[in-house]
Amino acid sequence: MGLDNVIAEALPDIITTRLDSLVNWARKSSLWPATFGLACCAIEMMATTDARHDLARFGSEVFRASPRQADVMIVSGRVSRKMAPVLRRIYDQMPEPKWVISMGACASTGGVFNNYALLQGVDKIVPVDVYIPGCPPRPEDLLNALMILQERIKAQGITPRQ
Amino acid sequence: MSDTGTVGQGITVTKTGEQGAFGGELLTINFGPHHPSTHGVLRLIVDLDGEQVRRLKPVIGYLHTGIEKQAEALRWQQVVVVTDRHDYLSPPINNLAYALAVEKLLGVEVPPRASALRVIMSELTRIASHLVWLGTSGIELGASTMLMYCFRERDTILDMNEEISGFRMHTSYIRPGGVMADATPRFLEMLDRFIDKMPSNVDEYEALLTMNPIFRSRTIGIGRLPAEDAKVLGATGPMLRGSGVAWDLRKTMPYSGYEKYDFEVATSDLCDCYGRYLVRIKEMREAVKILRQALDRLPDGPVNIDDRKVLPPPREELETSMEAVIHHFKLFTEGYSVPAGDAYVAVESGRGENGCYVVSDGTHKPRRVKFRSASFVNLQPLERMALNHMVADMVAIIGTADTVLGDVDR
Amino acid sequence: MIADSLIVDRGVSAGDAWITVAAGDVRQALSALKDAGYRLLVFLTCVDHLADASRNRGGAPEGLGPTGAQGGPPPYKSSRYELVYQLRNLETRDQLRVRAFLDGDPPRVDSTHDLFPPANWDERETYDMFGVVFTGHPDLTRILMPDDWVGHPLRRDYPVGGEAVEFSEEHETWQTAPEKA
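Chains L, D and U are the protein sequences, given in the same order.
For the record, in the first sequence the residue sitting at position 42 is 42 according to the working numbering, with numbers rising by one throughout.
With the second sequence counted from 1, adding 162 to any position gets you the working numbering.
With the third sequence counted from 1, adding 572 to any position gets you the working numbering.
For reference, chain L alone in the conformation it holds in the complex (with noise of 0.2 Å):
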């Protein structure tokens, strides 16, 4: 029987919880992403927003335009060695915490293309959290993804990342 416990009994209005778990329970449930679509995945991830797969149920409809209003980078799409500074400063712009998604090969890992144009996967300029395998990957794909950011964000301190 613990503390909390005791005071749900005495006061029955008052709900308690760890810091941790109430900052990352806010922090999960409305992920707002960066548009950052780029190439194909763009658009899936432009179909995952519709109504058949309707991203709002995770809260994370809310596209931002600015960076400085995200929370989560979806890197959509090819990056290539042109774009990659405007990425990179892009993800700069973001207020911590922030976590990116890799979403498809070609974010990943480069995709089909292995040549001299693209960077060989995103990870190389900004860290990922999770990675989406795909070319492009299904909306389906990118709400198991977002959905598996969440669980990881529920299990982080509030501090910030190393």
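Everything labelled a hint here was simulated from the structure, so no lab data went into it.
A quick note: this is a predicted structure, and the numbers were derived from the prediction, not measured.
Wrong hints could be hidden among the right ones.
Claimed, not checked - With a cut-off of at most 30 Å between alpha-carbon atoms, the simulated DSS-like pairs for lysine-lysine come out as follows:
no., chain 1, residue 1, chain 2, residue 2
1, D, LYS219, U, LYS606
2, U, LYS606, D, LYS413
3, D, LYS393, U, LYS606
Once you've looked at the hints, dock chains D and U against the given chain L.
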């Protein structure tokens, strides 16, 4: 210019400190490459006089994927996979351009059923591509409902893609020598239902936009491109037809048996963003007409050419025929060789002339594959269209130019 | 159509009509063709024929031009770069491909951006990808690659790049092996 002057010196930055008509200095601003209304990773450097556009310079290459280089490192049949990914809103049409070009070099012609299936996939893709355009352009001009409506139908088309090819977007369905597999009965059923339903859906879109006063005032008279300019600047597709020029490769230089279908070329004399909108709406209706004819008249027969040097033998033969095993082995270890020469084939995609120029040196890999992309050329009149318009109108102009940046940068 | 003196060679490849002109005559030939009705430049590109085995066979392949005096390929075909201009007459729907063979480092040719506006970006792309310098182009800068990029990626002696894939013989780093280049 002497070729030592500015060669390799980077983007020519526009002049500053110049006086505008309203007494202030011209302001050079940077749009993109990561901007929500540029349909991808387009970057624009714009000189503004107050809110009016005085100069505009697109900077592209932010999605340069090296597709043409990659194609040279792949075998002829493997290149199909990368063709899917340059204009990622119309993969089967890209496949078709490449397949037709390779077939032209090989000197083979696909069976009628394959041609009909290619037409069906092309038209479905055209509708899907226009739907993405309509949804995103709608949302940029304030009609957020459009995205929901358009993606609803687009998902139906993607379901059909999945049924026929096993994949939602990048189907790689059309290949040199025919198509990947025959249409399943379920696909034909789905197609039939879709054709019946689609005209009423287009009515729905029109009810939302065609007479919508906000949409009309943001598009009518905006981004004018006179017919003569459009021709000179090389614009194709709805950009050209929206300026009243009835040029549609399906009619003027037919391929895959398009001459056998009865459809109208959608044109509009308005020459502005609204005209291009009307053209695309009409094209969706015409595409449904073509689909109906193609489905009703779908011929029977094989869907691939009967040439073991190009396409692998059927699975059953492998168990009984040594020759089949040899062909199979050769095709999957080395691939086929294409006679030396070059060929260019142009097809009409949702954006305009989507061509493929292939050069063979007689080996099992292409010497050169060049994609003549409609978006790359259609992006060049952007300055002409945006000049002296408000900066907010650029959203409508970029939107109705309907460029896919993957197609521009390749 | 255009003066025969400009045409070095003509033929049909896989059903597409083409002519070859000398590299120095490209502008003159295209200008004449434009006046003759070929008003649309569909595309302009370049092909790098470095170590192209099909050109050295006795007698050029069918559709790739007549053979030279000794039965070998005609002399201009030893040039490394082939410029390709695809022209179209919008009224008669005729198409014509104009070829020109170039050599040199960098290879140079006159710009045609004022004859055909779409050539502006095509020439920049060809400069970016092959290093062909178009003299007279107003803004010949890189268009697809970053401005500080070194090399011209679509040249055959430029490596495909990317990363090596273990246990894979498929990934060739070079299009044309460096020793041949």
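Taking the hints in turn, this is what the structure says about them:
no.	hint	in the structure
1	D:LYS219 with U:LYS606	holds (27 Å)
2	U:LYS606 with D:LYS413	holds (24 Å)
3	D:LYS393 with U:LYS606	holds (13 Å)
When each numbered hint is compared with the structure, no violation occurs for any of them.
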